[in-house]
Amino acid sequence: MELLEVKNLSKHYKSFDLKNISFTLPKGYIMGYVGANGSGKTTTLNLITGMVKCTEGEVYIDGLSCGEDMRAYKEKIGYVGDESYFPEHFKIRHIRTALKDFYPTFSTDRFNGFIRKWKLPEKKSVKDFSRGMKVMLMFASVLARDTKLLVLDEATNGLDPVMRTEILKLLQEYVMDGERSVIFSTHILSDLENIADYIYFIHGGRTVLYDAKDELIENFLLVKGESAKIPPALKKELIGLEEKTYGFEAILPSDKAELLGNAFLFEKPTIDQIVIHYIKSREEQ
Amino acid sequence: MKIIISNQSELPIYAQIREQLKEQILNGQIPEGETLPSIRQLAKEVGVSVITTTRAYSELEAEGFVATMQGKGSVVLPRDNNLLREQYLLRIEEGLSTAIETAKTIGMSKGELTDIFHNLLET
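Protein chains in written order, with my numbering: chain A, 1 to 285; chain B, 286 to 408.
No lab work stands behind these hints, which were simulated from the structure alone. Just so we're clear, the structure is a prediction, and the values are computed from it rather than from any experiment. Cβ coordinates follow ideal geometry from the N, Cα and C atoms, glycine included. Watch out, some of these pointers could steer you wrong.
[To be verified] A few chain B residues that don't get close to chain A, going by computed Cβ distances all over 10 Å:
| id | residue |
| --- | --- |
| 1 | Glu-317 |
| 2 | Ala-347 |
| 3 | Ala-352 |
| 4 | Gly-356 |
| 5 | Arg-364 |
| 6 | Asp-365 |
| 7 | Glu-371 |
| 8 | Tyr-373 |
| 9 | Glu-378 |
| 10 | Glu-379 |
| 11 | Gly-392 |
| 12 | Ser-394 |
| 13 | Leu-406 |
[Unchecked claim] Derived DSS-like pairs (lysine-lysine); straight-line CA-CA distance at most 30 Å:
| id | chain 1 | residue 1 | chain 2 | residue 2 |
| --- | --- | --- | --- | --- |
| 14 | A | Lys-148 | B | Lys-357 |
| 15 | B | Lys-389 | A | Lys-256 |
| 16 | A | Lys-229 | B | Lys-389 |
All chains should be built: construct the whole structure from the sequences, respecting the hints.
Have a look at this one:
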């Protein structure tokens with residue numbers, strides 16, 4: 001069963017076009033939406049949450065399109081961005097009241113539980129919260145509701161490793177019952193790579209790669225060696241060839257591995273490495 | 286039961302999980318009849334994706350180490366001694382093949398190689 005269906009999503013701006021984004025995310029799975037800054041990640045997520053209207057295409061969450069019933073649609077989504085969306089002078093008690101009035105499924109008990117667990121200060125205003133505290137406050141406010149889809153836009157940026165690990169666990173707990181899904185955007189996956197089931201990679205508003213993460217990693221090799229030794233047949237197939245003083249690094253589709261012979265070192269790439277070399281190859285075109 | 290994932294390993298994560306579980310089933314650390322944690326539970330505990338653990342489990346099932354039963358999860362099957370022997374045979378062959386390949390790269394003769402083999406057997 002699909003939880004999120006995105007069909008031919010396009011958005012036209014004067015200086016930027018997002019074109020034909022299509023994917024599905026089944027119930028109980030996590031998708032990493034990756035790309036460089038300005039590639040269209042935030043635009044896509046804003047179209048999914050209904051914050052921005054699309055020029056073309058459709059989005060369904062749990063079978064519901066945002067055109068049918070905007071309120072019910074938004075009720076299914078928990079959104080955490082890279083900047084706090086709470087009024088700066090609010091304290092936790094103000095936020096609690098506002099959320100309770102606004103969202104029918106908001107649970108005060110659950111919210112208070114998270115506030116205690118993450119030791120968020122009840123007496124301070126949001127403006128005096130650290131970056132990490134603001135992020136955890138946003139997580140507390142969305143996890144206190146009965147949502148179906150978590151949409152995270154660069155939510156882990158600037159967090160320390162301990163907090164990132166905490167969020168990783170939160171996301172895995174969220175999808176644990178097999179009924180809810182997560183889509184998160186990031187320009188660098190690093191530790192998030194392990195928990196992502198699917199990867200959607202865009203550049204310049206266009207789809208570059210979309211597959212199960214394990215497949216992507218198997219479909220490519222990270223190749224290193226001496227630039228002078230690259231035969232022409234291999235050079236044609238290398239993606240994002242980066243020549244450095246003492247050697248080169250590039251990505252190669254695994255089905256072209258026979259071109260390598262014994263002259264090169266190759267290893268399993270990370271998704272970040274695939275992304276970096278693809279971006280390099282796209283920018284050279 | 287223990288699973289340790291290395292990001293440095295050349296083995297994909299699903300294969301690391303599969304191999305470690307297999308090893309523990311073969312040496313009896315995970316006994317016959319034991320129910321493995323659910324796919325989602327294991328994914329969360331190990332910190333890997335659900336697709337990854339799903340693949341590890343389905344390969345263990347295909348190789349006859351576990352059986353997935355509706356509502357009960359994945360249960361460790363009785364150890365089959367032939368299967369065990371086959372597994373080890375495969376490993377021995379792999380090890381020897383590596384040695385042969387290495388010998389070929391320096392142009393070592395069959396005689397020299399078998400001499401080394403016999404010498405090692407004696408020690």
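Tested hints:
no.	hint	verdict
1	Glu-317	holds (28 Å)
2	Ala-347	holds (16 Å)
3	Ala-352	holds (21 Å)
4	Gly-356	holds (14 Å)
5	Arg-364	holds (29 Å)
6	Asp-365	holds (29 Å)
7	Glu-371	holds (26 Å)
8	Tyr-373	holds (27 Å)
9	Glu-378	holds (22 Å)
10	Glu-379	holds (19 Å)
11	Gly-392	holds (15 Å)
12	Ser-394	holds (21 Å)
13	Leu-406	holds (30 Å)
14	A:Lys-148 with B:Lys-357	holds (26 Å)
15	B:Lys-389 with A:Lys-256	holds (25 Å)
16	A:Lys-229 with B:Lys-389	holds (23 Å)
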